[in-house]
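Q: Protein sequences, first through last, are from chains W and B. The first sequence begins at 1 in this note's numbering and counts up by one. The second sequence begins at 161 in this note's numbering and counts up by one.
No lab work stands behind these hints, which were simulated from the structure alone. All figures in this text were calculated on a predicted structure; none of them were measured in a lab. Mixed in with the good hints, there may be bad ones.
[Claimed, not checked] Restraint-style ranges between C-beta atoms, simulated for each label pair:
1. B:Val266 - W:Gly52: 32 to 40 angstroms
2. W:Pro28 - B:Arg289: 33 to 41 angstroms
3. W:Val27 - B:Asp305: 23 to 31 angstroms
4. B:Glu191 - W:Pro56: 20 to 28 angstroms
All C-beta atoms in this analysis are idealised placements derived from N, C-alpha and C, irrespective of residue type, glycine included.
Residues per chain are reported as follows:
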Amino acid sequence: MDPKPNQSFETDFWKDAKLRKAWDDIVPGESRRTVPYTLTLEAIQKYCRVIGDLHPLYFDEDYAAKSPYKGLIAPPAIHILLMFSCTPTDDWMRSPGTVNAGQSWSYNLPARPGDRIRLEARALDKFIRKDRLFVVHDNVFFNQHNEVICSGRGWTIRPA
Amino acid sequence: MSNYFDTISIGQVIEGTPFHPTRETIREFCEASLDFNPLHLDDDYMKGSFGKTHFGGIIMHGMNNFGVISKMITDWLYPHGGVHRRLETRWKSPVKPGDKITPSAVVTATKVSASSRWVTLDIKVVNQRDEIVAAGEAMVEFPIDN
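Next comes chain W alone, as it looks inside the complex (with noise of 0.2 angstroms):
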């Protein structure tokens, strides 16, 4: 596995806005480009703990060597990090005034502390409806041994 840090992140959404597309730019089908991400144990806890989630399996490395997971792991929506880990700034799911209308998402194998990330992320579709602009992105994320730990599909719509 590669240890290398994270790179920092860039709080201010606006910041690279203008390097965007917007919704009459994003081509279908075309792929998105993504960073690799180093997922850590204070990473998971610190999402585990603001949804309230303190199951022992993210939590008490005795219980979770004990369960079948044999160690301990994050919980499945845990994508919601890894999406916003794995966007580079530039990437138009950053644009201030996104909004999430739906997502559905499918889950594989657990992500768990230390697996290096990787997304392979598109524009899937883009439509209007009800005088709104939407895309829909198509996300996998893939741990270090290349196997699948969930994929998904979002529904946002777009900053007119």
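Given chain W's structure and the hints, the job is docking chain B onto it.
A: Chain B only, in chain W's frame:
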């Protein structure tokens, strides 16, 4: 544990833990999810209109809702050896600081496939006024070797 699947009935209800979003939890969700969209941070920005939608202030991340639903599913499954396999959600109405949201699920079908056992569920999340803020479907697996 292995017989749990056989006890599941259509219409069975699973109740999740209520969640109370505040400005602080929304800010913490920004930090934990790395989603710093101004929708969740900037009240001035949120005074504007988004197409036909006017929020009037910051809103909770839809994916916070997703996480609350997913926790309900894993809380139900882990003691029974089940595996959370799928969750689809649609956000029906925004959630704001001070709201209280409560997820629940209803079993809609069970299915035995060639090598495993599955349950599908309808999902909803209601706020303190009993308005549906999220709806969706989930699918879970109860592996035979468990």
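Q: Indicate, hint by hint, whether the structure satisfies it.
A: We went through each hint and held it up to the structure:
1. With their beta carbons about 22 angstroms apart, Val266 of chain B and Gly52 of chain W fall outside the hinted range of 32 to 40 angstroms.
2. At roughly 38 angstroms, the beta carbons of Pro28 of chain W and Arg289 of chain B sit within the given window of 33 to 41 angstroms.
3. About 45 angstroms separates the C-beta atoms of Val27 of chain W and Asp305 of chain B, a value inconsistent with the hinted range of 23 to 31 angstroms.
4. Checked against the hint of 20 to 28 angstroms, the C-beta distance between Glu191 of chain B and Pro56 of chain W comes to roughly 23 angstroms, which is consistent with it.
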